[in-house]
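Number of protein chains: 4
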Amino acid sequence: MAVRVGVLGATGAVGQRLIQLLDPHPDFEIAALTASEASAGKTYRQAAKWRVDSPIPDAVADMTVTATDPDAVPDDIDMLFSSLPSSIGADVEPDFCEAGYVVSSNSSNGRMDDDIPLVIPEVNPDHLDLLEVQRDERGWDGAMVKNPNCSTITFVPTLAALTEYGLEKVHVSTLQAVSGAGYAGVSSMEIIDNAVPHIGGEEDKLETESRKLLGEFDGAELTHNGMHVAASCNRIPTIDGHLENVWVETEEDLPADAAAEAMREYPSLDLRSSPDPLIHVFEEPDRPQPRLDRTLGDGMAIAAGGLQKSPFGLQYNCLAHNTVRGAAGASVLNGELLLENGYI
Amino acid sequence: MAVRVGVLGATGAVGQRLIQLLDPHPDFEIAALTASEASAGKTYRQAAKWRVDSPIPDAVADMTVTATDPDAVPDDIDMLFSSLPSSIGADVEPDFCEAGYVVSSNSSNGRMDDDIPLVIPEVNPDHLDLLEVQRDERGWDGAMVKNPNCSTITFVPTLAALTEYGLEKVHVSTLQAVSGAGYAGVSSMEIIDNAVPHIGGEEDKLETESRKLLGEFDGAELTHNGMHVAASCNRIPTIDGHLENVWVETEEDLPADAAAEAMREYPSLDLRSSPDPLIHVFEEPDRPQPRLDRTLGDGMAIAAGGLQKSPFGLQYNCLAHNTVRGAAGASVLNGELLLENGYI
Amino acid sequence: MAVRVGVLGATGAVGQRLIQLLDPHPDFEIAALTASEASAGKTYRQAAKWRVDSPIPDAVADMTVTATDPDAVPDDIDMLFSSLPSSIGADVEPDFCEAGYVVSSNSSNGRMDDDIPLVIPEVNPDHLDLLEVQRDERGWDGAMVKNPNCSTITFVPTLAALTEYGLEKVHVSTLQAVSGAGYAGVSSMEIIDNAVPHIGGEEDKLETESRKLLGEFDGAELTHNGMHVAASCNRIPTIDGHLENVWVETEEDLPADAAAEAMREYPSLDLRSSPDPLIHVFEEPDRPQPRLDRTLGDGMAIAAGGLQKSPFGLQYNCLAHNTVRGAAGASVLNGELLLENGYI
Amino acid sequence: MAVRVGVLGATGAVGQRLIQLLDPHPDFEIAALTASEASAGKTYRQAAKWRVDSPIPDAVADMTVTATDPDAVPDDIDMLFSSLPSSIGADVEPDFCEAGYVVSSNSSNGRMDDDIPLVIPEVNPDHLDLLEVQRDERGWDGAMVKNPNCSTITFVPTLAALTEYGLEKVHVSTLQAVSGAGYAGVSSMEIIDNAVPHIGGEEDKLETESRKLLGEFDGAELTHNGMHVAASCNRIPTIDGHLENVWVETEEDLPADAAAEAMREYPSLDLRSSPDPLIHVFEEPDRPQPRLDRTLGDGMAIAAGGLQKSPFGLQYNCLAHNTVRGAAGASVLNGELLLENGYI
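Residue numbers (full-length UniProt numbering), protein chains in the order written: chain A, 1 to 344; chain B, 1 to 344; chain C, 1 to 344; chain D, 1 to 344.
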């Protein structure tokens with residue numbers, strides 16, 4: 001029997017992707033949609049300007065949108081997926097947790113809090129147990145789990161495959177798609193025939209979230225990974241798919257072919273949205289490319305390529321679909337992990 | 001009185017830019033145009049599919065194109081600007097030098113040869129004296145000077161401004177415009193809504209040319225700079241302007257504001273095509289951007305921005321117009337330097 | 001049991017789409033791949049630079065490519081799909097027909113020949129019987145059927161839905177995607193931040209093919225439709241999907257809502273690749289759009305929208321996926337029609 | 001001595017272009033800048049996010065922005081250039097006229113009013129005398145002149161050159177650049193790899209403004225031209241430059257070469273911003289193109305090409321820079337006409 005779920009912030013770009021992924025999902029049934037006060041009371045079809053490249057699901061089109069408020073959401077909802085703007089998420093997500101809802105959130109607020117698990121299921125599923133600490137400390141009946149930022153998700157699985165070599169220094173340069181900023185985030189006049197070498201707050205997310213994700217959780221406390229990461233972030237004129245250039249320096253010598261093998265063999269999970277393999281490693285030196293490779297594994301795979309020795313260690317490129325693996329799909333996958341682990 | 005010059009490979013993308021720059025240039029007068037055998041005998045208007053965004057100059061349109069052969073070029077030409085494909089350049093440029101022509105070349109062949117000066121006038125004008133060694137060794141009446149690759153020119157001036165801090169390790173990620181590959185180089189199906197993380201041979205050029213440019217010439221021998229450079233190159237959907245993310249580690253501590261000041265005060269030259277300032281440093285964190293900033297200093301300035309501490313040293317972005325400062329304009333500027341130094 | 005088929009010109013852009021569509025097709029089994037002499041003898045993986053956004057099918061990757069010559073193709077092939085360049089198609093397609101092969105061709109050569117059926121199955125399936133005339137006249141054991149040009153296919157089904165109103169004058173302006181010109185057809189320098197108001201020979205195809213498609217076949221002779229069409233063709237920076245602005249003047253008054261209803265109710269066929277409905281009519285005034293709507297009906301539907309009175313009659317927009325419905329899919333669909341009608 | 005002028009709505013995209021054009025203009029001196037209440041009191045540098053591809057003029061950067069209110073603008077201003085959003089323009093432009101200011105406005109409000117001259121100086125300069133009627137009727141000390149919409153300006157000069165043949169029916173399909181919608185008007189997610197066949201209200205502007213512009217003014221009343229125009233408008237991924245496909249049916253036979261000659265010889269004016277020739281007619285069938293031809297005549301020329309017989313009359317393409325000739329430059333040119341005719 002499907003779990004009844006709601007989507008917080010259902011009309012935005014990530015909200016639409018969540019609906020696209022949840023509608024056909026056998027384990028979940030969309031039973032609540034929230035948006036801003038201005039949209040409350042409208043049907044979803046009226047409230048959302050649907051822009052995903054598949055038709056709006058019939059089951060959702062005529063649902064009534066409610067305000068983003070625990071009192072407005074039906075009680076028989078078991079899980080919430082949140083794609084709220086972070087300022088709003090910071091305000092209302094705790095209210096939902098306090099009201100007893102389990103929230104799988106894509107919003108950036110709270111990601112670095114000590115008692116909030118920041119999880120990529122194939123990378124650090126054990127961090128989910130931070131929820132015990134969270135419930136102790138916050139007294140919530142519900143729970144809150146976060147997925148990382150889209151640009152973080154893209155490169156962390158490749159690093160996870162290399163941890164046994166002793167990660168020390170990482171440089172990462174990102175070429176990010178416009179959908180990462182939401183529908184109105186990047187004006188066409190800003191980006192056609194152009195690139196913008198700055199995305200507010202993004203570099204810090206890559207540098208800090210990656211260390212939390214690769215950290216060790218001893219059942220009580222989470223120790224962040226000791227590697228250091230230097231990030232430089234760019235917006236480019238692509239619709240979907242973040243491409244990243246990565247240089248890694250490790251304690252032990254790391255030949256390119258050993259790295260490729262470690263990535264290829266890095267295990268995936270048996271969750272419904274987990275792709276197999278998790279990391280697709282290309283031989284062709286000019287791959288991965290956003291338009292060609294972002295839909296690998298239904299948008300949930302990580303693509304890597306161009307592995308080679310650099311003057312200082314290893315160098316490679318990686319890619320993930322930023323609104324699927326990097327946002328909506330990440331939240332859905334965390335929902336599947338919550339379900340698998342009995343939190344629902 | 002203007003120096004009579006010729007353009008080798010006049011019909012290509014860089015050849016067209018050379019003509020656009022040389023036609024109004026007070027020191028040079030275009031007196032010869034060469035192209036492939038198939039174009040020889042045609043007027044330039046017939047031979048070239050003119051695609052630069054200013055009309056084809058009248059003085060050039062009706063000139064007859066000759067083959068790229070010393071015998072076909074008039075004797076009273078004093079200097080040649082070469083934008084030949086490198087395989088052809090390797091074949092015929094030495095013939096022109098042997099026949100007594102002074103060649104300022106943008107072609108990549110021979111750039112790393114010990115006795116060929118690779119010059120950015122504002123950075124290493126003294127390397128021009130390698131021409132004495134060259135003439136001794138090769139017995140040429142003419143001479144050959146090269147400018148570096150477009151992606152190398154973009155970041156080397158910013159490094160030159162920082163040499164006193166002791167350059168050690170440099171990481172550079174490039175976001176390169178399609179014009180860098182010539183008119184037919186990048187298909188639209190390859191690059192719209194996409195990025196390609198590979199440009200054949202480009203990373204090596206950044207890594208080796210930069211060390212030669214920042215090397216020391218003692219009058220007899222050139223010692224390459226001891227820094228190490230790791231490059232990762234990407235093609236993105238921009239027309240003109242290469243953007244680069246740079247991380248620098250130096251012997252001495254290098255605060256971002258000191259770096260900005262060093263770049264701003266890095267001296268330009270009194271040559272006609274040298275911009276003043278050479279390096280334009282932006283305060284705005286989201287600059288430089290290709291479409292907005294590639295025409296600074298008539299396309300001859302270097303733009304820098306986003307200077308900040310990284311976990312490992314200094315981090316910043318830089319930009320240059322790849323077919324002006326990075327190719328045709330670089331060759332013209334070397335021509336001006338040759339003229340200034342009495343080689344013509 | 002699946003029909004064994006071959007693809008002529010298998011390495012090009014349309015050839016790759018053909019393979020993508022034929023590989024999972026239950027009625028067809030790919031058993032031969034041809035390309036230029038230079039590719040003959042290589043595996044398909046070696047010969048083709050695969051650029052479609054799904055992985056190269058395993059069953060095809062290791063097949064050996066042959067020359068495009070009846071002697072090189074196995075005898076037990078029942079049907080050939082041709083995406084040859086038209087100059088080559090004109091040379092070799094008749095040889096295949098003479099050798100007994102049934103050819104469903106996307107190449108433009110011969111499309112306007114009196115005895116070659118030019119067919120969109122949902123529009124003029126009865127024209128297929130021209131094959132009787134063809135065999136009589138040419139003495140072929142095989143047969144040749146053509147699908148129209150991609151830009152023609154986009155608007156003809158919408159006109160077909162309106163024929164009962166008496167088509168008189170049609171103006172059509174096209175906004176065509178770069179994939180219509182093949183992989184190397186449109187350089188990125190030509191089209192980024194640009195549009196090109198000219199596609200060689202395209203306007204004539206729209207004007208003449210449409211009249212043949214909507215003509216009447218009396219079992220012996222085909223009379224072209226008496227309407228007149230004026231076309232203006234533009235290339236724009238989209239990857240896939242041709243968008244067209246259409247104005248129609250009819251004998252009888254044609255209100256926009258009657259036109260919408262006629263399009264919505266225009267019958268599809270019961271062939272495997274025929275979408276249902278054939279024509280998707282949008283209410284939203286800003287649809288159809290290439291990126292959002294080109295995959296309707298797995299890329300085989302026609303999308304229409306913006307139906308309104310113009311000062312002179314009816315005005316609307318239509319869209320189709322140019323390499324699926326407009327090329328590879330059109331040929332596959334003609335193959336299904338040939339099979340259904342016993343020509344295989 | 002330069003006329004002191006102000007810019008209403010100075011921080012928007014057209015406002016920035018106005019400043020770029022007015023700053024070096026010898027006849028005008030920028031002496032006032034207005035924007036929304038939120039910007040009032042700030043320096044222009046603080047208030048505007050400057051995005052034009054030349055640096056912000058020094059003379060303007062430190063000027064203080066005022067509210068858009070006659071009381072806030074200095075009295076010694078002689079002329080105002082308005083690029084206000086039309087809803088705001090409708091509110092406040094009449095107040096400025098009543099307060100005695102002469103306003104050259106790009107805003108769409110009031111363009112079709114009987115007593116407001118809608119002027120392209122090279123096309124209908126005599127319509128300026130409507131200002132006498134305007135002052136009589138409205139009792140204004142000031143005056144209001146409008147320039148047409150950017151898409152209208154693009155094709156009307158070419159029609160003006162053909163009026164002697166008796167214009168009857170015109171079809172026009174537009175491929176419009178994103179800058180026409182202002183900086184935030186078109187999201188990148190909306191337009192990359194896409195086209196949108198709808199621009200709200202645009203078709204009506206082309207159909208009605210063109211008839212007013214080509215109408216006859218007898219000194220008292222303006223009779224609109226009797227031709228009929230059917231327009232279809234599309235947004236495409238270009239930054240600047242509207243391209244239009246035009247079909248014209250005329251009373252008298254109009255061969256393509258006669259049309260080309262009429263366009264080439266159509267007279268320009270002796271105003272500072274009027275280009276000579278006004279209409280640049282290309283022989284090459286694939287021109288004009290937005291990126292290559294939008295800067296002809298410093299962005300003030302009209303480019304035409306592809307002239308040929310269509311099945312119904314004449315067919316051609318035309319192009320103009322939408323934010324220069326189509327907006328800011330149009331207003332400046334009207335300002336020059338006002339000055340020339342003694343209205344200042």
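These aren't lab readings, by the way, just hints derived from the structure by calculation.
Keep in mind it's a predicted model, so treat the numbers as computed, not measured.
Mixed in with the good hints, there may be bad ones.
Stated by the list, open to error - Cross-link-like lysine to aspartate or glutamate pairs, in silico, EDC-like; alpha carbons within 20 Å at most:
#1 LYS169(B) x GLU283(A)
#2 LYS169(A) x GLU261(B)
#3 LYS309(B) x GLU261(B)
#4 LYS49(C) x GLU251(A)
#5 LYS42(B) x ASP253(D)
#6 LYS49(C) x GLU37(C)
As the list claims (entries may be wrong) - Heads up, incomplete: computed chain C residues facing chain B, CB under 10 Å, no partners named:
#7 PRO24
#8 HIS25
#9 ASP69
#10 PRO70
#11 PRO74
#12 ILE77
#13 TYR183
#14 GLY185
#15 THR238
#16 ILE239
#17 ARG291
Think of the CB as a built atom: it goes at the ideal place given N, C-alpha and C, for glycine as much as any other residue.
Checked hints:
1. Between LYS169(B) and GLU283(A) the alpha-carbon distance is near 28 Å, which puts this suggested pair outside the 20 Å criterion.
2. Of the pairs offered as hints, the one joining LYS169(A) and GLU261(B) is violated, with about 28 Å between alpha carbons and a cut-off of 20 Å exceeded.
3. Of the supplied pair hints, the one linking LYS309(B) and GLU261(B) holds, its CA atoms being roughly 15 Å apart against a limit of 20 Å.
4. Between LYS49(C) and GLU251(A) the alpha-carbon distance is near 38 Å, which puts this suggested pair outside the 20 Å criterion.
5. At roughly 39 Å between alpha-carbon atoms, LYS42(B) and ASP253(D) are farther apart than 20 Å, so this suggested pair is violated.
6. Distance check on the hinted pair: LYS49(C) and GLU37(C) sit about 16 Å apart at the alpha-carbon level, within 20 Å; holds.
7. Nearest Cβ of chain B to the Cβ of PRO24(C): about 23 Å, over the 10 Å cut. The hint is violated.
8. Residue-level restraint check for HIS25(C) is violated (minimum Cβ-Cβ distance to chain B is 24 Å; threshold 10 Å).
9. Hint status for ASP69(C): violated, given a least beta-carbon distance of 28 Å to chain B, over 10 Å.
10. For the restraint placing PRO70(C) at the interface with chain B, the shortest Cβ-Cβ distance is roughly 31 Å, beyond the 10 Å limit, so the hint is violated.
11. For PRO74(C), the interface hint is violated, the least distance from its beta-carbon to any beta-carbon of chain B being 32 Å, above 10 Å.
12. For ILE77(C), the interface hint is violated, since its Cβ never comes within 10 Å of a Cβ in chain B; the closest pair sits about 30 Å apart.
13. Annotation: interface hint on TYR183(C) holds; nearest CB of chain B at approximately 5 Å, less than 10 Å.
14. Below 10 Å, beta-carbon pairs count as interface contacts, and GLY185(C) has one with chain B at about 8 Å; its hint therefore holds.
15. Interface hint status for THR238(C): upheld, as the beta-carbon distance to the closest one in chain B is roughly 7 Å, under 10 Å.
16. Restraint check, ILE239(C) versus chain B: the minimum CB separation of about 5 Å is within 10 Å; hint holds.
17. With a cut of 10 Å, the hint placing ARG291(C) at the interface with chain B holds, because the nearest CB-to-CB distance is about 8 Å.
This entry does not satisfy hints 1, 2, 4, 5, 7, 8, 9, 10, 11, 12, going by the numbered hints stated previously.
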